[in-house]
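Engineer: Sequence:
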Amino acid sequence: MIILGIESSCDETGVGIVRLHEDGRVEEMANVVASSMEQHARFGGVVPEIASRAHLEAMVPVMREALAQAGIERADAVAATVGPGLAGALLVGASAAKGYAAGWGVPFYGVNHLGGHVAVANLEGAPLPHAVALLVSGGHTQLLEVEAVGRPLRELGSTLDDAAGEAYDKVSRLLGLGYPGGPVIDRLASRGNPAAIAFPRGLTKRVDEERGHRHNFSFSGLKTSVARYVEAAERDGRVISVEDVCASFQEAVCDVLTMKAVRACGDVGAGVLLLGGGVAANSRLRELAQERCAAAGIELRVPSFPLCTDNGLMIATVAAQLIHEGARPSGLSVGTDPSLDVEVPLVHAE
Numbered sequence: 020m021i022i023l024g025i026e027s028s029c030d031e032t033g034v035g036i037v038r039l040h041e042d043g044r045v046e047e048m049a050n051v052v053a054s055s056m057e058q059h060a061r062f063g064g065v066v067p068e069i070a071s072r073a074h075l076e077a078m079v080p081v082m083r084e085a086l087a088q089a090g091i092e093r094a095d096a097v098a099a100t101v102g103p104g105l106a107g108a109l110l111v112g113a114s115a116a117k118g119y120a121a122g123w124g125v126p127f128y129g130v131n132h133l134g135g136h137v138a139v140a141n142l143e144g145a146p147l148p149h150a151v152a153l154l155v156s157g158g159h160t161q162l163l164e165v166e167a168v169g170r171p172l173r174e175l176g177s178t179l180d181d182a183a184g185e186a187y188d189k190v191s192r193l194l195g196l197g198y199p200g201g202p203v204i205d206r207l208a209s210r211g212n213p214a215a216i217a218f219p220r221g222l223t224k225r226v227d228e229e230r231g232h233r234h235n236f237s238f239s240g241l242k243t244s245v246a247r248y249v250e251a252a253e254r255d256g257r258v259i260s261v262e263d264v265c266a267s268f269q270e271a272v273c274d275v276l277t278m279k280a281v282r283a284c285g286d287v288g289a290g291v292l293l294l295g296g297g298v299a300a301n302s303r304l305r306e307l308a309q310e311r312c313a314a315a316g317i318e319l320r321v322p323s324f325p326l327c328t329d330n331g332l333m334i335a336t337v338a339a340q341l342i343h344e345g346a347r348p349s350g351l352s353v354g355t356d357p358s359l360d361v362e363v364p365l366v367h368a369e
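In the working numbering, the protein residues as written are 20 to 369.
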C-alpha cells in the first residue's frame, strides 16, 4: 500500500510518500520539502499570512516532484497534518490532501503533527519501544511519553513561555545575527566559551519542582538575561564576545533540555530517548544528550538532519502505522485544529 503525506503546519510545504508492507515495515519512496523561510527572514520570524500564501504556491510543484521521485501517478491513501499549527497553513495542506484523496477515490487520514515527529524513528531503525520524546522547535518544546508509534502520546511537560527555537531566534535578532537563529548561533557557539557567562537555567530549582514544574521548561528568563547582559556591556562601553554569548546561551538551553529529558526517562521507566523537531539538528544538543544518555544507560535516537525539520514523510509514516493497525479513515469532513491536543494521533470526522 502506498501512502502519501502532506505537511503544512508552519513554513515548510512537505510531501512524503511511503510504501507500507504487509508485515508493517515502512519504506521511504519520496520526500520533498519547500521552505518559505527566506520570505520570513526580514520579519525575524514566521508571518502566518506569508506562510499560507507560500504553501499555496508550493503545493503543486512539490506534489509533482514527490510523485515523480516515487515513480507513481497516485497513492492508495492520503494523509495530512490537521493540527497543531498555524490555522491558515493547516487549511492549505489539509484541503489539498482532501482534494487529492477525493480525486483519486482513496481514503483520507488526518494526522497529529507531533505524532509525525515521533514516527520518523521507525524509518531509520527498529520499531520505537517505550520511550520519551523531546520535541524541540520554534513552536514546540515538549516532553512526551511514547508507548509506540501511532499510539496516543502523553505529555509530561512543555514550555510555559518561549519554545527553545523561539528563544534562539529572539537572541539571534538581539545580537544582529538574523533569522533563523538556530544554525548561526550553533556555528558561533562552537568558537566560544560555554562557561564564559553564567546564564540562568529556568525551572531547575527545588522550589520549581515543588510547584509542579519537574518536566516543564521556561526560556523567557534566559532570553531576558542575554538582553540585559548585552545592554549592560553597551552601557559600560565594553566589547562583548558574540561567540561567548552564543556558547553560554546555547549551553544553558541544552543543559536544561537534556537534564530534564534524561530525568523524565527515569521517571517513567523508558529506556529510549528520542529527539525530534528542528532544534534536534543542533550539534551541542546532540552531543550533550549522547553524553547524558550514555551515563544513564539510555539509548538515544536522533533522526537524520532532513527528518528533524517538518516534512511530509513523517506524516505518511504515522498514517502508515495507523493504517497497519486498522484505524478508520478520518473522512473528508474532518476539520483542522491549530491547538490540537498532543494525545490525539488520528482525528475522526465524528
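Incorrect hints may have been included.
EDC-like mimics (lysine to aspartate or glutamate), calculated; alpha carbons at most 20 Å apart, straight line [as the list claims (entries may be wrong)]: (1) 117 / 143; (2) 117 / 92; (3) 224 / 286; (4) 117 / 356; (5) 224 / 274.
No lab work stands behind these hints: they were computed from the structure.
Engineer: Against this structure, judge whether each hint is valid.
Structural biologist: Hint-by-hint comparison with the structure:
no.: 1; hint: 117 / 143; verdict: violated (29 Å)
no.: 2; hint: 117 / 92; verdict: holds (16 Å)
no.: 3; hint: 224 / 286; verdict: holds (17 Å)
no.: 4; hint: 117 / 356; verdict: holds (15 Å)
no.: 5; hint: 224 / 274; verdict: holds (14 Å)
In this structure, the one hint that does not hold is number 1.
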